[in-house]
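Position 9 of the sequence shown, counted from 1, bears residue number 9 in the UniProt record's numbering, the numbering being contiguous throughout.
Misleading hints may appear alongside valid ones.
Straight-line distance between alpha carbons at most 25 Å, and here's what the computed SDA-like set of lysine to any residue pairs gives [what the hints assert, rightly or not]:
hint	residue 1	residue 2
1	Lys95	Val41
2	Lys77	Leu58
3	Lys75	Tyr53
4	Lys11	Asp32
5	Lys95	Asp32
6	Lys42	Thr7
7	Lys77	Val90
8	Lys95	Leu20
9	Lys60	Gln21
10	Lys95	Glu65
11	Lys60	Glu97
Just the calculated beta-carbon pair ranges, DEER-fashion [claimed, not checked]:
hint	residue 1	residue 2	range
12	Arg43	Lys14	42 to 50 Å
13	Arg56	Lys77	19 to 27 Å
14	Lys69	Ser19	43 to 51 Å
15	Ser3	Asp83	34 to 42 Å
16	Lys14	Ala66	45 to 53 Å
17	Ile24	Thr71	43 to 51 Å
18	Gln22	Ser81	21 to 29 Å
19	Gln27	Ala61	22 to 30 Å
20	Val59	Glu35	50 to 58 Å
21	Gly72	Glu16	15 to 23 Å
22	Glu97	Val64	16 to 24 Å
23	Ala61	Glu97	46 to 54 Å
24	Glu16	Val99	34 to 42 Å
25	Gln22	Glu97	49 to 57 Å
Since the hints were made in silico from the structure, they are not lab data.
Every value quoted in this text rests on a predicted model; they were computed, and no experiment measured them.
All C-beta atoms, glycine included, are put in the ideal place defined by N, C-alpha and C.
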Amino acid sequence: MMSKNYTQEQKDLKAEVRSLQQVIEEQERQADNLEQFIQRVKRNSDLTELNPYALRELVKAVYVEAPDKSTGKRKQKIHISYDLIGFIPVDVLLKAEQV
């Protein structure tokens, strides 16, 4: 009986180790991507206007939602997917801009 418990515990621990290794690899990949993105932003920090080169280097995709006219004014949401890091919520960008 103890042998069964020991064997099951070993299987569970091995599965947990594999799972944690995957999490660590994903976080390392995200950290590398973030570092690469920061380097790209630093290279383009002196831009006065957005040129095609900077756009290709920093932005992966731009998504434009259908216009909303329910309030009487036309509002249209835009979502920008940055290369290597994905979406950054607008509230995070606004906080960073105020600092």
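Contradicted hints - numbers only: 3, 4, 6, 8, 9, 15, 20, 21, 23 and 25
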